[in-house]
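Number of protein chains: 2
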Amino acid sequence: MANPVVVEATRGERIESAHRGAGAVVEADGRIIMAFGDVERAVYPRSAVKALQALPLIESGAADRLGLSDEEIALACASHSGGEEHVATARAMLARAGRDERVLECGVHWPLGEAEGRALARSGRTPNALHNNCSGKHAGFVCLSCVMGVEPKGYVAPDHAVQREVAAAIAAATGARLSEDMRGVDGCAIPAYAMPLIALARGFARLGTGEGLSAARRKAAARIRAAVAAHPLTVAGKGRFDTEVMSLLGAIVFAKTGAEGVVCAALPGTGLGLAVKADDGAGRAAQVMMAALIRRFGGFDDETAARLQPFVAPRLLNWNGAEVGRLRTAGPLA
Amino acid sequence: MANPVVVEATRGERIESAHRGAGAVVEADGRIIMAFGDVERAVYPRSAVKALQALPLIESGAADRLGLSDEEIALACASHSGGEEHVATARAMLARAGRDERVLECGVHWPLGEAEGRALARSGRTPNALHNNCSGKHAGFVCLSCVMGVEPKGYVAPDHAVQREVAAAIAAATGARLSEDMRGVDGCAIPAYAMPLIALARGFARLGTGEGLSAARRKAAARIRAAVAAHPLTVAGKGRFDTEVMSLLGAIVFAKTGAEGVVCAALPGTGLGLAVKADDGAGRAAQVMMAALIRRFGGFDDETAARLQPFVAPRLLNWNGAEVGRLRTAGPLA
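Keeping their order, the protein sequence lines are chains A and B.
Counted from 1, the first sequence has number 55 at position 30 by the numbering used here; the numbering is strictly sequential.
Counted from 1, the second sequence has number 210 at position 185 by the numbering used here; the numbering is strictly sequential.
These are computed hints drawn from the structure, not numbers from a lab.
Where hints are given, some of them may not hold.
Which copy is meant is left open, so a pair is good if it fits within one copy or across any two.
What the hints assert, rightly or not - SDA-like, lysine to any residue: derived pairs with alpha carbons at most 20 Å apart:
{"id": "1", "residue 1": "Lys263", "residue 2": "Glu110"}
{"id": "2", "residue 1": "Lys263", "residue 2": "Trp135"}
{"id": "3", "residue 1": "Lys178", "residue 2": "Trp344"}
{"id": "4", "residue 1": "Lys178", "residue 2": "Asn343"}
Make a model of the complete structure from these sequences and hints.
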């Protein structure tokens, strides 16, 4: 019944902690290439589906109407670190719609990136909604709303026109049924729909290949992948998983982390979509799981595979920089 | 085989993440009052045993020789937030031994407390070893070393006189065998010895009651409990579990969190020692587990029990402050 142990944290010669989880590797037509753990149980993808949530902004033509840049499109898919560049880009997106941060309904938090947070504190300022890691996604919602001719106020509500478009895009990509009983509220106040991991993986296979999507949506998916591949720092931040993996691999992979231990990825060249969830919500475990799957299914040469090793088996250092342990894959991922 | 699910994180009507774990409630003579999960498996207590590690400083007479204050003794048991007060207290401890931060071997990190870290950044400064959350423990080691007439340099090594004393005190309190094969290196570079959860709980029963300890060690344990009860902000920091629970309950409980999902506690009035470990290393789960055990075994009136509810079932808020879920106990703790 319990999902298998998939990641272990060692200290010295002993296992200090262990993470259980599930994962799926799926083709766009739904064929399962690999699955471990309960991949039918519904999980909240959280921010891992930001690229799917950004599809309506592009496929509707709103992004082109407002002249959004690739960097701005990448920010619409981002859980950004709250650096100066991220904030400036979010502000610019809103300006294209004739708005400013007062329209944002995501709430305020200190930058997700520790260095970015300290830089803001050092400057003597405090954060506003633009620093929220979801501000690019929300700015995208505002842009879409304005081009649709709909008042943005209340755009986070499930029955707002924007959220209806977003839910329809997620449902079309994943094949999941986004009913009210599957719905929670995300950290940034928008609806969060739970769905089976296998549907999530399929959604990413379709995001990666365009297969099974309408022509407009297929084009939008390609535009998003290209924008993020060109701006990996925009989609997360320095030192963070999505940014570092995509900086290393380029357009070979599109990876997106969500809160509570979810990571999804597309490997467009192979046609595969991947999704993992650490049962306990640990990001460190989900990232190791995903790195192991990317390495296994990415079709890399030995040199590239070796460069993925720091993500598959991160070293754990003490404050003097000495290695005291590691994360490592276990069970079906060992 | 797998430990039971003991804490669940909900979002809307669904369980988003779940934590497995083990826990033990034990009397000083070793009698088990409650146990769930595998309590014989060795776990690293990490910072949860700082009070045991501080015993030699007191029982040797070193603290009295140097005139350490209660606040300084509390800091010797602390995983502090790196606030101005914490740093000043650590500096003062070292000054009593005629030393300064250059003697510390714990390494440097930005303050554990987010607000404290931003305050430091805002001041334009960067951290030194005094900001390390373990600086009080290390300052205590330096004090002990100096009073013993031993050169402090290398005091983090397992064979340094200080670490031998520390290991002896832990072994005496817990009854655990601290052999080399049970040893890893902690985040602050000192030895970390793994031991069964049940031994850890017993050590805290003895720390709480003095039962089974030498007269000097019993007196030292009482001094440490009183010092921490008088200075709950010193031992962690504002908003953190140990500080908040001890601020609420006073000397009724001595609680100490360690990294990777460990919390230990003594309930001196009941004679009980408590120890929990979240399998996955999640602090949020371990704190909920411990809060539930404290509430169950603390013998509280209804009003006090109700005031523990925010620790037993913390609300999860989005960035607008709306409740989107909760942590809650499950399985043997439900």
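Hint by hint, here is what the structure shows:
no. : hint              : result
1   : Lys263 <-> Glu110 : within (12 Å within a copy, 32 Å between copies)
2   : Lys263 <-> Trp135 : both (16 Å within a copy, 18 Å between copies)
3   : Lys178 <-> Trp344 : between (47 Å within a copy, 17 Å between copies)
4   : Lys178 <-> Asn343 : between (48 Å within a copy, 18 Å between copies)
The structure is consistent with each of the numbered hints, conforming to all of them.
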